[in-house]
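Undergrad: Residue strings, one per chain:
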Amino acid sequence: MNFVPSQSALDHAGVGAESIAGLFWVMLIGGCLIWLIVVGLAVYAIVVPGQHDQKRTRMLVIGGGAVFPTIVLTALLTYGLAMLPDLQRPAPEGSQVIEVAGVRWWWRIHYRMPDGNRVETANEIHLPVNEPVEFKLKSEDVIHAFWVPSLGGKVDMMPGRENRLKLHPTRVGVYRGVCAEYCGEAHTQMAFDVIVESREDYDEWLRQQASLAVAISDEAEAGRKIFAGSGCGACHSIRGTSADGVVGPDLTHFGSRRSIGASVLPNNADNLTRWIAETHRVKSGVEMPAFETLAEDELRALVRYLGELK
Amino acid sequence: MLLTWKRALIACCVFGMLGTVVLVSGVVPVKASSGHWQITRWFLNFASDRSVSFHSRGTQPPEDSGLMDARLGAEIYKTNCRFCHGLPGQEQPPVAKGMTPTPPRLDRSLLEKEPRELHYIIQHGIKFAGMPAWPVPTRSDEIWPVVAYLRQALEENREAFDAERSENDLAALAKLPVLQACVDCHGVDGVSRAGKQVPHLTGQAEGYLRLSLLAFRSSERNSGVMMPVCHALTDQEIDALSKHYHETVSTNLPASLEAEVADHATIERGRELAMNGDRGRKIPSCQKCHGPDAENRRDEYPNLAGQSKWYLQRQLELFQKRVRGGAQTARLMHPIADKLSEQERSDLATFYASLQTPDERPEK
Chain A
1 MNFVPSQSAL
11 DHAGVGAESI
21 AGLFWVMLIG
31 GCLIWLIVVG
41 LAVYAIVVPG
51 QHDQKRTRML
61 VIGGGAVFPT
71 IVLTALLTYG
81 LAMLPDLQRP
91 APEGSQVIEV
101 AGVRWWWRIH
111 YRMPDGNRVE
121 TANEIHLPVN
131 EPVEFKLKSE
141 DVIHAFWVPS
151 LGGKVDMMPG
161 RENRLKLHPT
171 RVGVYRGVCA
181 EYCGEAHTQM
191 AFDVIVESRE
201 DYDEWLRQQA
211 SLAVAISDEA
221 EAGRKIFAGS
231 GCGACHSIRG
241 TSADGVVGPD
251 LTHFGSRRSI
261 GASVLPNNAD
271 NLTRWIAETH
281 RVKSGVEMPA
291 FETLAEDELR
301 ALVRYLGELK
Chain B
1 MLLTWKRALI
11 ACCVFGMLGT
21 VVLVSGVVPV
31 KASSGHWQIT
41 RWFLNFASDR
51 SVSFHSRGTQ
61 PPEDSGLMDA
71 RLGAEIYKTN
81 CRFCHGLPGQ
91 EQPPVAKGMT
101 PTPPRLDRSL
111 LEKEPRELHY
121 IIQHGIKFAG
131 MPAWPVPTRS
141 DEIWPVVAYL
151 RQALEENREA
161 FDAERSENDL
171 AALAKLPVLQ
181 ACVDCHGVDG
191 VSRAGKQVPH
201 LTGQAEGYLR
211 LSLLAFRSSE
221 RNSGVMMPVC
231 HALTDQEIDA
241 LSKHYHETVS
251 TNLPASLEAE
261 VADHATIERG
271 RELAMNGDRG
281 RKIPSCQKCH
291 GPDAENRRDE
301 YPNLAGQSKW
311 YLQRQLELFQ
321 KRVRGGAQTA
331 RLMHPIADKL
341 SEQERSDLAT
351 FYASLQTPDE
361 RPEK
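Protein chains in written order, with UniProt numbering: chain A, 1 to 310; chain B, 1 to 364.
Hints in this document: simulated from the structure, not taken from any laboratory.
You may find that some hints are simply not true.
Claimed, not checked - The calculated EDC-like cross-link candidates involving lysine to aspartate or glutamate, where the alpha carbons are at most 20 angstroms apart (straight line), are: (1) K175/B with E164/B; (2) K282/B with E317/B; (3) K136/A with D115/A; (4) K138/A with D278/B; (5) K282/B with E185/A; (6) K339/B with E287/A; (7) K136/A with E162/A; (8) K310/A with D201/A; (9) K321/B with E287/A; (10) K339/B with E140/A; (11) K282/B with D141/A; (12) K282/B with D244/A; (13) K225/A with D299/B; (14) K136/A with D156/A; (15) K138/A with E120/A; (16) K282/B with E120/A; (17) K339/B with E317/B.
Please read all numbers here as calculations on a predicted model, not as lab measurements.
Make a model of the complete structure from these sequences and hints.
TA: This is how it looks when you write it as structure tokens:
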């Protein structure tokens with residue numbers, strides 16, 4: 001699988017994205033037609049010699065300059081607005097609700113469970129195919145924007161208020177979401193993966209995300225001690241261990257994620273090692289300090305531990 | 001003879017040439033053994049006094065008398081000043097006497113100088129006089145104890161100002177002679193004997209102690225007090241000292257006075273921030289790295305419980321100003337310290353100062 005998944009509004013895989021793509025094509029074709037007419041008239045005016053008929057000219061100016069744009073724009077507006085109620089309609093009662101908060105420069109994600117609990121994860125969203133899902137969008141610092149071009153529209157995340165968005169994916173696959181509002185140094189490295197899968201796979205994934213950290217091998221136990229002793233738990237949570245920090249991403253099932261650093265690098269041992277030891281070379285500006293002082297074997301154990309958190 | 005431009009120019013050229021000949025030939029002696037002429041000495045002293053008086057205006061001694069601890073000053077003096085000046089009131093040592101100008105004998109006439117003037121001289125040194133500047137320009141707070149000591153020693157006419165050493169101290173020194181460098185400030189058991197500016201070392205993590213001493217030795221951690229002390233230590237001595245203070249756990253940590261008088265609300269505010277951090281402002285908790293009760297705390301991280309409030313707060317300030325320095329791990333503190341307000345630094349320091357029992361020792 002390609003590491004960078006589709007991030008094109010034209011490669012639509014959701015109800016909202018499909019109508020937005022339709023709107024795009026209508027606009028594009030209409031725009032081309034108008035362009036041809038305007039340029040054609042201009043050429044005509046230049047090429048045909050002599051005085052043009054006064055009456056016809058006046059009609060052309062009024063018709064082409066005022067009447068025609070009014071009709072076209074009204075039609076387009078009507079067409080565009082007609083799409084809105086559908087796009088804006090909340091997902092039906094009982095749909096999955098996902099809270100996403102933009103944090104410089106990553107995504108804090110909570111799945112609301114039927115029992116009222118919230119399951120926290122980060123930087124990766126799983127969705128069941130052919131089901132509408134309701135998003136609650138917030139920001140913990142500055143203005144961000146939540147956008148999965150293949151699945152739907154773009155919505156701002158404002159500090160101090162909650163915006164909403166419905167996504168209704170129609171095709172299984174991996175898609176890329178991005179922050180679409182400049183939010184500072186690492187804005188371009190603030191992305192996330194959206195995995196659309198069958199209801200069974202999704203249920204299995206959510207059940208596992210809701211569980212505590214998995215039991216780990218003896219080798220990884222050394223890594224767990226380093227994680228605890230180096231103070232990683234002051235920022236990160238790993239549910240089921242002493243790590244209960246709330247500043248950074250929850251890492252309870254870190255090993256199950258596709259990527260690290262908010263979809264900056266594929267999640268593998270080499271990249272994770274680099275991330276921990278040279279954080280700011282990978283992603284300049286992040287809050288996480290680089291842990292340069294960890295010895296090689298300590299790093300190895302730590303990476304192994306995090307990788308086993310499936 | 002008439003003074004014309006042409007003649008003046010010729011005279012200048014002739015003098016210039018003569019001067020060059022004298023300079024290049026090397027006939028002028030630079031030797032210190034002949035001393036200065038009386039008038040040169042007077043002139044240099046006068047110029048220096050005037051300059052110090054002028055430039056030191058506006059400097060004020062700290063209001064808190066706890067920051068002018070003569071016991072600490074006495075020990076700093078022994079490391080940094082005594083080699084040239086001898087003890088206050090006494091003759092200069094023989095080697096220093098050979099200097100030109102000779103380092104002044106520090107007798108009661110020094111009391112005529114204002115404390116701010118003494119502070120200025122110690123901080124900046126004096127050009128052409130062999131008086132060096134303080135090793136760290138950014139730590140002028142370390143100088144006030146020396147000023148306090150000088151004034152007290154001269155006022156009380158005490159030649160020596162030796163800290164008292166108990167039988168216990170002497171026994172420990174016999175076993176580990178290099179403790180000599182530490183004992184009068186940090187005690188044999190790692191409990192400060194020289195006021196709140198001196199951290200307690202009792203039971204501190206061994207790795208942290210070693211890295212700190214190494215950082216002082218390599219001037220990566222800034223202190224005009226500790227850098228000269230550590231400069232003289234070998235790797236083996238640093239290892240031995242780290243081990244000693246790590247293993248010596250004193251149960252009689254004195255209560256931090258500032259924490260004692262702090263109100264309950266301050267301590268609780270500090271506790272909340274230290275234990276839970278602040279998600280909104282992205283401040284991690286202190287507890288995971290510094291205790292109390294941190295799981296598997298890394299040997300390189302210091303335990304903060306029971307330190308003096310002043311010391312802890314000062315470290316946070318120094319981190320924020322980027323003048324503390326330290327081992328590589330110290331950089332982890334910079335972004336955190338940047339986010340703390342003065343009030344929060346004070347709350348956190350008060351909370352840790354209020355923890356009287358030394359934290360559990362980190363597992364090796």
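Undergrad: What are the numbers of the hints the structure violates, in ascending order?
TA: No numbers; nothing is violated.
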